[in-house]
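Based on the sequences and whatever the hints tell you, model everything.
First residue of the sequence shown? That's 1 in UniProt numbering, and the numbers climb one at a time after it.
None of these hints come from the bench; they were simulated from the model.
Values in this document were obtained by computation on a predicted structure and should not be read as measured data.
It is possible that part of the hints are untrue.
What the hints assert, rightly or not - Label pairs and their calculated CB-CB ranges: (1) T15 to D152: 53 to 59 Å; (2) I144 to N101: 31 to 37 Å; (3) D115 to F85: 22 to 28 Å; (4) P84 to N124: 15 to 21 Å.
Beta carbons: idealized from backbone N, C-alpha and C, even for Gly.
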Amino acid sequence: MVQNLDYTSPAIQYTADVNQNVFTKDSQNFINVLGIQQLNTLDNVSLLDIFLSRSNVVEPHYHQNAAELVYCISGGAAVSIFNPFTKQFHHYHIGPRQVANVPQGWWHYEVATTDETHLLAIFNSPTPDVILGSDLLKFTPPNIMAHTYCLDETQWINTIAPVQSTTFIGPPSNCHREYNENPHYRSHYPQPFYHPPY
Numbered sequence: 001m002v003q004n005l006d007y008t009s010p011a012i013q014y015t016a017d018v019n020q021n022v023f024t025k026d027s028q029n030f031i032n033v034l035g036i037q038q039l040n041t042l043d044n045v046s047l048l049d050i051f052l053s054r055s056n057v058v059e060p061h062y063h064q065n066a067a068e069l070v071y072c073i074s075g076g077a078a079v080s081i082f083n084p085f086t087k088q089f090h091h092y093h094i095g096p097r098q099v100a101n102v103p104q105g106w107w108h109y110e111v112a113t114t115d116e117t118h119l120l121a122i123f124n125s126p127t128p129d130v131i132l133g134s135d136l137l138k139f140t141p142p143n144i145m146a147h148t149y150c151l152d153e154t155q156w157i158n159t160i161a162p163v164q165s166t167t168f169i170g171p172p173s174n175c176h177r178e179y180n181e182n183p184h185y186r187s188h189y190p191q192p193f194y195h196p197p198y
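Below is the structure:
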């Protein structure tokens, strides 16, 4: 039960329409949100209802106030998690009725490996805060990046110019490159270990 909540109030909500709160790339790639702002009786739980077509990515990000359990409803996804203790990325392929757990504060992303992928991301916070990779790239001053990493500032500016802040789902709609053309992607995303249910 939520502490300090007047359960006799007519403003108390017990249901919500998750379809009313959407981050949208297009009709096949969008995220519905359910948190305490949408349902005021939630207590230390929230979720993202994620729909992706093949090769679309929930951009690299982390949640500083919540762990995330990614449950695959349909389709398939590679969930990639950076372990800050071992300094290694781990890539987990999940299919229907499989999960991947992302500890609080760990850098991660999800890539749909099939069309019509449906994921449910469940958080142990009524509102999961998020730091997006696109925002870090766009809002960190270029002169700081150049100085810190001994980069050419103009090259850095030109390199990140196409990045859109607060991307959420990538790649951008005007990108016509296939993810499996990139050998780096293939080396990090072997065939899924799961088999579709029969």
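Hint check results:
About 55 Å separates the C-beta atoms of T15 and D152, a value consistent with the hinted range of 53 to 59 Å. Taking 31 to 37 Å as the suggested C-beta distance range, the pair I144 and N101 conforms, at roughly 34 Å. Look at D115 against F85: about 35 Å separates their beta carbons, and that is not inside 22 to 28 Å. Between P84 and N124, the C-beta spacing of about 19 Å keeps the proposed range 15 to 21 Å intact.
Against the hints set out earlier in the document, a violation occurs for number 3 only.
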